[in-house]
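Colleague: Now for the letters of each chain:
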Amino acid sequence: MVNINVLITLIPLLPLLGFLIIALNVHKISHKKSSYLACGTILFSFILSITVFTHLLSLPADQRVLSITLVSWIQTSGFSADIAFLIDPLSSIMLLIITGVGFLIHVYSIGYMHDDAGYSRFFSYLNLFVFFMLLLVMGANYLLMFVGWEGVGLCSYLLIGFWFKNHDYNKAANKAFIMNRIGDLGLLLGVILIFINFGSIDYQTVFTNPSEVEVTTLTWITVLLFIGAMGKSAQIPLYTWLPDAMAGPTPVSALIHAATMVTAGVYMVARNNVLYALSPFTLQLILITGLATALFAATIALVQNDIKKVLAYSTVSQLGLMFVALGLGAFSSGIFHMATHAFFKALLFLGAGSVIHALRGEQDIRKMGGLKKLLPVTYITFFVAVLAISGIPPFAGFFSKDEILAHAFAYNPFVWGVALIASLLTVFYMFRLFYLTFYGTARDEKQTMDHIHDAPKSMAIPLIVLAVLSITGGFMNTPEVLLGSSWLQKFLSPVFASASGIEIHHLSHTTEYVLMALVVALTLVVIGIVYVQYVKKGHVPAGEGRLTGIQKVLYHKYYIDEFYDIIIVKPLFWISKTGDTIVEALAIDGIVNSMGRLVTGSSNVLRKLQTGSIGFYIFIMVIGIIMILTLTTLTGVAGQ
Amino acid sequence: MVPIEYYLWLSATLFSIGVLGVLYRRNAIVIFMCIELMLNAVNLVMVAFSNYLNDPAGQVFVFFIMAVAAAEVAVGLAILVMTFRNTKSTDINMLNRLKW
Amino acid sequence: MNALLIVCGLGFISLVAEIINLKKGLHIAIVLGLVVAVAAVIGDWNTSATFFNNMLIFDPFSVAFTCLIIVVGIFWFCLTSPFFIGESHQTDRTALIIFTMVGGIMMVSFHNMAILFLGIEILSISLYVLAGSHKESFFSNEAAFKYFIMGSFATGFLLMGIALVYGATGSFDTSEITMHIEGHKAGLPGFFYVGILLMLVGLAFKISVVPFHFWAPDVYAGSPTMITAFMSTVVKIAAVGAFYKIFGLCFFSVQMSVLPIIQGIIILTLLVANIIAVYQNNVKRMLAYSSIAHVGYMLLGFISGSVKFEGILFFYLASYATTSLIAFGILYAIENAKGSTSIDAVKGLYNQNPFAATCMTIALLSLAGIPPFAGFFSKYLIFGSAIEADHIMLVIVAVVTSLVGVYYYFKPIIYMFSPAQASDKLYLSAVQKAFLGMLTAAALLLGLLPEWIITILS
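Chains as they are written, first to last, in this note's numbering: chain Y, 121 to 760; chain W, 261 to 360; chain F, 306 to 763.
FYI, nobody ran anything at the bench for these hints, they're computed from the structure. No false leads were mixed into what you were given.
Computed beta-carbon distance windows for the label pairs:
| hint | chain 1 | residue 1 | chain 2 | residue 2 | range |
| --- | --- | --- | --- | --- | --- |
| 1 | F | 586 | Y | 484 | 35 to 43 Å |
| 2 | F | 610 | W | 341 | 45 to 53 Å |
| 3 | F | 440 | W | 353 | 17 to 25 Å |
| 4 | Y | 733 | F | 440 | 20 to 28 Å |
| 5 | Y | 236 | F | 644 | 26 to 34 Å |
| 6 | F | 738 | Y | 175 | 35 to 43 Å |
| 7 | F | 610 | Y | 189 | 29 to 37 Å |
| 8 | Y | 137 | W | 337 | 55 to 63 Å |
| 9 | Y | 733 | F | 569 | 23 to 31 Å |
| 10 | W | 345 | Y | 302 | 54 to 62 Å |
| 11 | W | 341 | Y | 733 | 16 to 24 Å |
Everything numeric in this text was worked out from a predicted model, so none of it was measured. Glycine included, every Cβ here is placed at the ideal spot set by N, Cα and C.
Just chain Y, with the same shape it has in the complex (with noise of 0.2 Å):
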C-alpha cells in the first residue's frame, strides 16, 4: 500500500510536471504529445483525487481529516508557514471537481483548439491553471492559498489574453488582472488581520478558537476576505471583468470562469466558516450582495445577444445563489450548488463552444437558428444543461437551487422572492438562447451552414460525460423529503460542523413540496412564455440602434462600464492629463492603465533629471553634500 501522503502530494504535482514538461518544449513537443501529456497528468491527479476520497469515505466521520507537511516554508520569529496540505471532506470535493471537469475540457480542447497555432501554449497554461487551482483548495494555511489565489489569477490573465493579437483581448485580460488586484488586496489585508489577531496563518490554529478575538475585529478580518472573493468570483461592484473575460478561447470560460476558478472564492468564504458563523454582520453582507448580484445579472443577462456573454452573466448570477447561501450560513448548499453548476456550466459553454466551433467563430445567437438537425449531439446535450439550469426535477439544477430557495424561505419570505425572480430569469434567458441557437429558420451565411459538422469525438464525449453529471448530480444530496439521505451534506458536516451555531430554519415537509411545485410550475410557465415568444412567433431580437426603454438600458449592462469610466477611470486621466502634456503625447496607450500614467508621468519628469552631463551630476552631488551637512549642522543632530 503506497503512502496515502505521497498520494496526495502528487495530486497537485503531476499538473505542474505537465506544465513544465511542455513549458519547456512548447516549440519541439507535437500537438500529440503535448495534449496526451496535459490530459494524462489531470487524468491521474483525478485517479488520486478518487483514491483519496475513497480513502477519507473509509475513516470515521469525524476523524475524515488528513493534513501533511512537506517543507517548513518561512520560520522566522513568531511567525511560520509551511508548505503543508489539508485533505477533508470540503477539499476532497473541490479536488474531485477540479481534476474531473478539468479533465473533461481538456479532453475536449484536444478537439475545440486542433488547428490553433498556439496549441502547446495553450495545454501548458491550463495544466499550470490546475495546479494553482489544486493548490489553492488543498493548502493547510492562508499563504500557500494566497499562492494558489494569486496564480489562478495569472493563468486566467494569460488564458484571457490568449489570442494576444487582439488588442480587445489583451484590455479583457488587464481588465480582470485589475479589478482581481483590489480584491486581492482585500485578501491580503484580510489575512494579515488574521496573522495579527491569531499570531498564526495556520487554518486548523485559526479555527481551533475564533471566539477569543473580538467580534469587531473578526468582522473586519471576514468582510476584507469577502472582499477578496468578490473579485475572484464577480460579485457587485467587482464583476464586470467576467463577461469581458470571455475574450478567451471558449475551454477556457467553462473550465475557469465558470466551473473553478470563480467558484474559488464561495470554497474560500466555506472554508473560513467557522470566522464567518461569529460575525453575523458579514453574513448579512454576503446575503445581500450575493441576492443582488443574483438579481442584476440576470436582469443583463435577458437581452444579451452573445451567445458566451448571455453565459457569462448567468454564470455571476448563479454565483450570486451560491453566496445567497453562504449567507444564509447553509455552507454545505452553498458548496452543492458549486457542484452542480460546475457541471452544468461548463457543459453549457462547451456545447455553445461547440455551435461556435461549427459556425467557425460565430458567436451572436441573432445569426444561429435552426441547428436542431445539424448538430444532433450538441443540441441534446445543452438540452440537458438548460433543463438542469433552469431547475426541472430531476436535473442536477433542480435539487441545489431548490435547497437554497429552502433555506431562503424559511429566513425570510422576501429573499426567497428575490431569489425566485432571479431563477425564473434564468428560465427565460437560457430557454430564449437555446431556443434561438436551435430552433426556427438558419441566419448563418448559407456557405457556413452547408460545411457545418458536429463536435468531433474529443469534444462530444465530454460534452456527454457532463451531460450525465449534470441529470444524476443532484442525486448526491437529495433532500430527505424527497426520501433522499442528504449525503453530501452529511458528508460535509464535520468541517461546518463550528458553524452549526447559525440558526438554520427547516420547515415543514408540508411547505417544502408546495414551495417546489411552486416553483417547478411557474417555471413551466415561464418556459411556455418563451416558447411562444421565440419559437412560434419566430422573434429575433433587434439591432442595437432599435432598442428602446429598459431593454436598451439593460443591453448595456446597466451602463455599468461607463460608470465606472466615468467616476473612476476618466477623473484619473484628468488629473494625470493636466499634470502633464507631455506624459499624455509620449504614454504608450492601451498598456498603461490609468494609475499607472500617473507614474509614468512623474517617471518621465524625474528621468530627465538624469541629463547625461557629469557637471550636473556632480553639481546635484556637492548640493547634497551641502543639504546633508548643513542640515545636520542645523538641527545639531550630530554630538548628541
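Chain Y is already provided as a structure; the job is to place chains W and F on it using the hints.
Modeller: Relative to chain Y, chains W and F alone:
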C-alpha cells in the same frame, strides 16, 4: 606649534577649490588636476594630524594615497586618450549620449 | 585569508598567461581556481582571525561575504565565456575582473581604514577600465569616463572623511576607533562628525543611492552588458558589505547622527529609482534603476537594526545577485543575438527560446518580490524588521514603490510572451543553459529555505 585648526582650514580651502574646480571647469585634464588637488588637501590633513598625534600611521596612509592616486590618474588619462580618439575633444560636455 | 591569496594568485596567473601564451586554458583554469578558493573559504567557516597586524579580519561575516563574492564570480565567469573567448585582451580582462574581486574581498574583510581605501580603489580602478573595455563603442567610452571622474571625485570625500575621523580618534584601526568613540562620546570634536558624514557620502556613492546615484544608470547602460552584471552583483555585494562594516559596526555608537540622513536617502532612493525605472525602454537601464532601488530596500533593513540584520542582508544580497545574474546573463545572450538590449529585443523571447524566457520570468518575478521566489522573502524580512523598529512611514513608501516595481518588471515579461517577429532563434550554449538553470533553481530554493541562509550568520 601651529594649532591644528590652521591646517584644517587650509586644507578645507584647498579641498573646496578642488571641488569648485571639478564643478566649474569643463576640460577633462583640468578636472583631473582638481581631483588631485582634493587628494592633496586630504594628504595635508593626514600629515598634520599625524604630526599632531605623534602617530606615524597617518603619514604611511599618505603614501598609500599618493600611490593610488598615481595609478588612478594613469588609468584616467588612458580613458581620456581612448575617448579623445572617438570624440576629438577633451570637453566633458561632449559626453552626454547616455541619459534619461 | 587563503581565499584572498588564491584569488590574488589567479590574477597574477592571468597576467602572466599573456606573456607565456597560455590563453586557451585560462578561462577554465580561473574557474577551477575560484572553486578552490571557495573550498578555502568554506575551510575558514565560522572561524575568526586577523591578519597583517590587524589589517584584515576574517570573521564569520567576512567569510560569508567573501564566499558569496567568489561564488557569484564563478557563475559570472561561466555565463560570460563569449565575452572573453575570441576577443582581444582576454587575459587583461580576466586579470581585471579577478582584481576587482580581490578589491571586493578586501572591502568586506578590512579591519583598518587603509585596507578599506585600498580595497575600494583596487575595485574601482579595475572597473573604470572594464567599463571602457569596448574601446570602439562611444557608449562604453562615455561610461568609463563618467565612472572615472565621478568615482575619483567621491573617493576624495571618502578620504577626507577618513582623515578627519583619524584626526579625532587617532587611529585607522576600526576596533580602536570604536573603542575611542565609546570612551570619549561627549568630547568628540565637531570635525569628527563632518568626517563621518563625508565617509557616508563617499560610500553612498559606491552603493549608488540618491542623490549620489547619477553615475549608476549611465555607467550601467554604457558598459558592456556582462560588466554591468558584474557591477550589479559582485561590486554591489562588496560595497554594501563595506557600508555595513563601517556604519553598522565601526560607527555603531554614533549611528544616531547619521540615521536621519540615511532615512532621507532611503525615501529618495526608493521613490526616484523605482519611478524613473517605469519609463525605461532599455532593459539594461531598467535593471540599473532596479539595482539602485534594491539598495534602498537594503538600507531600510540597515536602519531597522534587527539583531538578525547580517543574516537578512546576506540573504538579500544572495537572492538579488542570483536573480540579477540570470537577468543579465539572458540579456547578454539577447544582445549578442540581436545587437540591442531594448525592450523590443526581448519581444517574443518565449517563442525564440522558452527556457531563457522561463528563467528570465522567474528572475524578474523574484526581483519584483512575488512569492514564492527568493526576492519575496528578502523584501518580506526587510519590511518585517522595519515594522518591528516602527519605521511605518518608510515601510509604506517601500511597499508602494515595490508595487510600482511590479509594473516595470512585468513589462519585459509581457513583451517576452508577445508574439515573435519572424526572427531567428536565440542560441544558448550548453554551459550557459546549465548555469542559468542552476541559478534559477537557486532562486527557487532560496525562496523555499530562507531560514537556512539567514541562520548562517546568526
